[in-house]
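Heads up: the protein sequence lines correspond to chains X and F, in order.
In terms of the numbering used here, the first sequence opens at residue 1 and continues consecutively.
In terms of the numbering used here, the second sequence opens at residue 1 and continues consecutively.
Hints should not be assumed to be uniformly reliable.
To be verified - Calculated Cβ distances over 10 Å to all of chain F for the following chain X residues:
1. Ala-25
2. Phe-37
3. Phe-77
4. Ala-174
5. Thr-181
6. Ser-186
7. Asp-287
8. Leu-298
What the hints assert, rightly or not - Calculated lysine-lysine pairs in the DSS-like style (CA-CA distance at most 25 Å, straight line):
9. Lys-145/F / Lys-226/X
10. Lys-33/F / Lys-194/F
11. Lys-226/X / Lys-194/F
12. Lys-33/F / Lys-180/F
What the hints assert, rightly or not - To spell it out: a stretch of chain F is covered by chain X in this simulated footprint if at least three of its residues, at any positions, have a beta carbon under 8 Å from a beta carbon of chain X; those stretches are:
13. 53 to 62
14. 68 to 76
15. 246 to 258
Quick caveat, the hints were computed from the structure, so don't treat them as lab data.
Beta carbons are placed, not taken as given, at the ideal position from N, Cα and C, and that holds for glycine.
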Amino acid sequence: MSNYKNDAATSRSPGFSQVRRYWHALTKNTGVKRALFIGVAILLLALPRIITSNYWLRVIDIAGLYVMMALGYNLMFGYTGLFNLGFAAFFAIGAYCYAMLASPLHNMHLPFLIVLPLAVGLTSLISYLLGIPSISLVGDYLGLVTLSFAEIFRILVNNLKFTNASYGIINIDAIRLPFFTFKSVSDYYYLILLLCVVVYLIIKRLEDSRIGRAWMAIRNDEEAAKTSGLDTRRLKLLACAIGVAPVGMAGAIFAGMQTFVSPESFTSRETWLIIAMAIVGGLGNADGAVLGALLLTLLPEPLRGTPIESARTLIYGLLLIFFSLFRPQGLLPRRYWKGEIEEETSG
Amino acid sequence: MTTFVQQALNGLTIGMIYALIALGYSMVYGVLKMVNFAHGDLCVLGAMFSLTLLRATGITKGRLNIIEVPLTGTRLVLVLGMVFLGGMLCSTITSLIIERLVYRPLRRASILTVLVSALGVSIALSNAMMLVFGREMKSFPSLLKKQYFTVLGATYSNLQVFIAILTILLLIGLFYLVNKTTLGRCIRAVALDKDMAGLLGINVNRVIVAVFALGASLGAVAGISHAMYYGQTYYLTGYQLMILGWASAVIGGIGDMRGCVIAGLLIGLLEAVGGGYLPILTGGLFGADYRRIFVFLVLIVTLVIKPAGILGKPEVIVKA
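Start from the sequences and build out the full structure, keeping to the hints where you can.
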């Protein structure tokens, strides 16, 4: 018997669960686990040496940014069940924060180490403030508020002189640390890899923590969670603030990497894409978010330039429908601990 | 004063369109307790399809879809009939397919799964429209020969009169249907309690199908009116219509039809009057581009102060 068990829905497909059982039996062995871990780590570190094409490295960089955002979305929607439809705005907040503080537009050139915490903090703060009036609304209403917020933000950025309106901001400083300036895509690769790992570890730790379990309790049944003594309001606000932090971070790096931002880059399409990643990968599971983000950024890439490319959004939409209908738990569903699964199956 | 009357008249016209869209959201929400994200796109689909009809029958010509010979008399009535009925039919059929293939299997699923599927439908539909009808903004003929009236110093076009009369007729018809007929009684029963209605012998599936058909038809009329009013249609308009229609439904109190109409008119007014006065009041610092901000601010404020909307009942919307 493995430590983990499949949840009720996965066990419907025997082939898949068979594979999973072998996988768990294999990875239970710590030696194998360690070897796998080291293998993956070496592969990730050596990737810029293996893939020499700048184009593909760039695609991987972007995929890394999406990994961060999908992890954030997973925290808000997957763990806590907060339906946020305004993720593009939070991405934009991070990006514009860096763009305005490190570009000729306002003649400010603050270093990255100062701007990054600012961008992340500002994104979290705005999400928290938006949450204060709206957090007690259920599902779709919260979605409407966040969607409206994203629209307000888009209109403002598109029209204010302060953000250079629809022209966008050009000549943004490249990201630089005190002794090092990021120039090539492989430099950025290591930065993004590092931050992805950090975000992943934090969110993974949160998932298994008291807070993470409280979030999931809220998602499953808010009233029961409240009755058990959880301060659901505070916990949900916390999820709002933490969930968008990696998105703001991704935005800041995006701005530094592109050296150009315009409102065009932060349309609702980004939000849909992030949602699709989190859903396809599997909600409530950090590994799922990573898998979903990688799949949905890397797989469509060979299609670029072909006629299918213009149908990308169509495919994302169909994926959302398909997964809702046939596999709502996503490719990598949350694994349940033995105690949890016994309740699930008996209930 | 003239500016105010002018903006108010424009606002009321556009508000009627929003009211029609909001009704579609509200009715579907009433029976299924879900937000049909795809509704905005269904509205645009109606407009797109009727434009295709106009081109296919050779009534409009060229890239700009110009009507060379002004339509008059019976011909005008026939063309208008074709445009509206064609658009309504296309939206309704699409809506029913979506209901059957996506929403019906998910009727017992968790609300978050349903929301995600609805979002998927919306994205897929708008992208499919782009692929089928083209990604450019298309000009849409107003069909009526432009005539203007002066009311209290403000100009009012015959198109605005047409949209207003059409909407009012549809609203009267809809309120009659929902309040006075057997189907309407069934719809209200299903909205109140689906399971109980089923136990009492109402065919719940048929009622839901009727609601989707009604919503999509109203939406198509709204979409076509919107396209005629602004003289253009674009596959991404559905997204804007979705937000505004949904916002109207929520502000009015989702599930409440009178509330939807009032809120739709209110949002139209707010947008037009706000957009008209903002540049004057701020000395040109904030242009009319900011007009939508009012709508969203009002929405957020409404949700905070009275989450159930102007006329809604406060039960399901706020949890814990």
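Against the structure, the hints:
1. Ala-25: holds, 31 Å
2. Phe-37: holds, 33 Å
3. Phe-77: Violated: least Cβ distance 7 Å, not greater than 10 Å.
4. Ala-174: Fine: 32 Å to the nearest Cβ keeps Ala-174/X off the interface.
5. Thr-181: Given that every Cβ of chain F is farther than 10 Å from that of Thr-181/X, nearest at about 38 Å, it holds.
6. Ser-186: holds, 34 Å
7. Asp-287: holds, 19 Å
8. Leu-298: holds, 20 Å
9. Lys-145/F / Lys-226/X: Not OK: Lys-145/F and Lys-226/X at ~62 Å, beyond 25 Å, violated.
10. Lys-33/F / Lys-194/F: Roughly 10 Å between the alpha carbons, so the hint for Lys-33/F and Lys-194/F holds.
11. Lys-226/X / Lys-194/F: Distance ~28 Å between Lys-226/X and Lys-194/F Cα, so the pair is violated.
12. Lys-33/F / Lys-180/F: holds, 23 Å
13. 53 to 62: With 0 residues close enough to chain X, the hint is violated.
14. 68 to 76: Three-residue rule not met by the segment 68 to 76 of chain F, so violated; n is 0.
15. 246 to 258: Contact hint for the segment 246 to 258 of chain F vs chain X: holds, 3 residues under 8 Å.
Going through the hint list in order, the structure does not satisfy hints 3, 9, 11, 13 and 14.
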